[in-house]
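Novice: Chains as they are written, first to last, in my numbering: chain A, 1 to 398; chain B, 1001 to 1266; chain C, 2001 to 2307.
It cannot be assumed that every hint is accurate.
Straight-line alpha carbon distances no greater than 20 Å define the calculated SDA-like cross-link-like pairs of lysine to any residue that follow [stated by the list, open to error]:
(1) A:Lys141 <-> B:Ser1160
(2) A:Lys266 <-> A:Val321
(3) A:Lys141 <-> B:Arg1260
(4) A:Lys87 <-> B:Arg1260
(5) A:Lys141 <-> B:Arg1182
(6) A:Lys266 <-> A:Gly246
(7) B:Lys1008 <-> C:Thr2225
None of these hints come from the bench; they were simulated from the model. Since we're looking at a predicted model, the values are computed, not measured.
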Amino acid sequence: MKTTKDTTTAGNGGGDVRLTGISKTYGAFTAVHPLDLTVPEGSFFALLGASGCGKTTTLRMIAGLEEPTSGTVRLGDQDVTALPPYKRPVNTVFQSYALFPHLDIFENVAFGLRRRGIKSVRKQVEEMLDLVQLGEQARKKPHQLSGGQQQRVAVARALINHPRVLLLDEPLGALDLKLRRQMQLELKRIQTEVGITFVHVTHDQEEAMTMADTVAVMNAGRVEQLGSPTDLYENPRTTFVANFLGTSNLIEAEVDSKSGDEIVLKAGGGKLVLPGARTSAPTATGGKVLVGVRPEKISLTHADDAGEIPEGRNRITGRIVDSSFIGVSTQFVVDSPACSDFEVYVQNIDRDTRLVPGTEVVLHWNPAHTFGLDAAQSPLAGTVGSAGVETVEEEVAR
Amino acid sequence: MAFVNWLKRHLVVIAGLCTLAYLILPNVVVTVFSFNNPKGRFNYEWQEFSTAAWKDPCGVSGLCESLSLSLQIALWAMLGATLLGTMIAFALVRYRFRARGAVNSLIFLPMAMPEVVMAASLLTLFLNMGAQLGFWTILIAHIMFCLSFVVVAVKARVMSMDPRLEQAAQDLYAGPFQTFVRVTLPIAAPGIAAGALLAFALSFDDFIITNFNAGSTVTFPMFVWGSAQRGTPVQINVIGTAMFVVAVLLVLVSMAIGNRRRRQKA
Amino acid sequence: MTTVTEAPPLAPAPERKPPRRRGRWTPYLLLLPGLLWLVVFFALPVIYQASTSVQTGSLEEGYEVTWHFATYWDALSAYWPQFIRSVLYAASATVLCLLLGYPLAYLIAFRAGRWRNLIMILVIAPFFTSFLIRTLAWKTILADGGPVVGALDALHVLDVTNLLGWTAGDRVLATPLAVVCGLTYNFLPFMILPLYTSLERIDPRLHEAANDLYARPSTTFRRVTFPLSMPGVVSGTLLTFIPATGDYINADLLGSTDTRMVGNVIQTQFLRILDYPTAAALSFLLMAAILFMVTFYIRKSGTEDLV
């Protein structure tokens, strides 16, 4: 490499991205509250959140396309806060790709190399096009390619510069579901192959969990929680995370007693057990706690067979309101004193034909699968109705 | 009954084609009469077929001089108006600044003002400045009234351009200047070309403003005007026909090239 | 390793280079030359014109501003017929342009198929022949005793137009009809192009949806197509009406002394009689009248965001 921009020597800390106290305000509107964030070198990092939560603004501040109101951006040990985008060793895959319509695929991919004064680009470009399986299309214009192909060109155009960090802004948003699945795996493969730090912005929680090593869930300009996908899913610390990542049944309960590591709660006339290690809420006796459990952890038993349920499981009684068969599982909505619309997903292994709407049932699950949240929050945060406003981020991006 | 139904279904087409005929008819007449051999000084009545005028298009004194002057003025006016208009269009679309409303009105007003008013006003200014009427005053006037049309054409194109394209260029190591030359300009080019073409056509064909501000200089439209009073040489029709044919040929050739290129790529 | 904390709002970041702002002065620099041009050669002259209109004096002794507003009154009382005529002719030509132009624009937008490009070329190409030459051709077309006049006479159309005062005897040339016909011809493309642009933007599926929802073709046009083409109608009528009002070429070439329009008067006053205050007052009146009508029209048609 002749260029100095993409040297990844150990001296400057390589591809760590360190945001320190970074924030962005537009007039009275705060898009990103001051936040500290470190993305370790070589990781696949996802910023997840609804539209308008500040994730794209954060990404654009790393790219240099947006000037932070406060704070610094560091790549390794280098402070790049004051560098314009064209001097940052960072490249972006833009939302809707932003391929240059007047240039063919080859020239699109070669653009960055040429701007850095590299004369012989042919070999590199061809290799890169082969990597994304577009060798045949080099002389076509972007509008002649399908959405998936355009997406791969956008990735190739950014990756060929060997950036220290690759930023992806909703890169799969314009693709249909099947293609999106395919590209998720493809991007993951490329990331493993090139070993570059990827920072990926998405509103699709499944996409974030499939691809990323670490996910930061953002809401209203703040990072709500950060961790591995499994950690976020199993141990959400806020109702927003519990609802935004998958579905959670949240029950308002009162702390009854504590025995060792177990907390016993009263909810809807019954008792529930919550492992103390799995709650982020204060658990003084008599205090309120939101108890959560994922729909797929719950078993459903006809009230007549209630006796067969093993001891030591959390139980709730209720009546089936609705059921829908979706192939791999059946989704039930159950009305119970503790919670009016309990969601339960039952694998279609041995289907109990008696479980039709109107049936009295017992819901039961292993107490270890219960998590506790601070009852001071809205139990509806992060559900579909309360998710961010669609247009806000669009406007902010301009 | 079937005929009435057919008529009903194709009424729009028939009416449209009638309008088209109305638009084309004068050009047909111009072409036919370019082969006329008129008796008097005026070329309004058909006499007999002749190719004399086609063999000697510059045979009338002053005609080809005025044509060449008009072409020169149109060329310079096009360059001037396109340069200034493109700059304004970019400023309007890409930047925030004070007094945007005032700027917009200043650009809109010349298009909403009858030519004769602009012409008379400008002449008053030139007379008061004691300016020598001629080539330069014509050029100044032409750039002035073409400017707004260029702004409108370029603005439309730049506005429909995705701002992410320029950001992508910056992200790919192109500095502001490189971004402009490599991305912004090529993408805005069709709009700029349209504006330039419009400016050329408007300038070349302008009579009213030129008539006021030309002094004794004679552009092609002024030559035609003058000859309408004194006697219309057949050569005028020859020039008119030739320009029509050249324009159509140019368009057809460029379309054919475009088609062929598209087919090669596919 | 990966950490997140909410940092307290920071004081202004310590010693950083001044934030790079994409030159605050760039827009003004871009605007400057063009706007200067318009101010010096458009706005100033118009203002100067206003002052000329209230000057008195003579060509020999020079003019000075005496706030002689009577010039306006004199001009108006002497030339009001030309004013009325201008507006009437321009309005008739605009309506005719709309009636003639709409079917053609519609044809190009929806019915032309592979002929679309050819028809577009035929609409635009006449532009390249000087409009004066083309206007002169109308002298031939409408010539006395020519086929057009003969046909109109045979169909008794001339009897009707004579009655209305549009034509005189068995002539079309040198009558109001000829002038309006020329105006219509000259400004027709300015009507067709904006109409086409707004029609072309209409999704053809809207027509299908309207048909699906029990609208007959005429209803579809009235309720869907025409309302959606309103921006084109408004800008087309403006682009036709404004220049037509100030035009004097058609009145001069195709008309007679009885069809003189305001443009003719201004031109004569300015270039022949050299009565600058009257000419300036007339231009100012014309400009004011047009701005007034246009503003009213734009308000009325509810398309203020047009420009």
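Novice: Broken hints, numbered, in rising order?
Specialist: 2, 4 and 6
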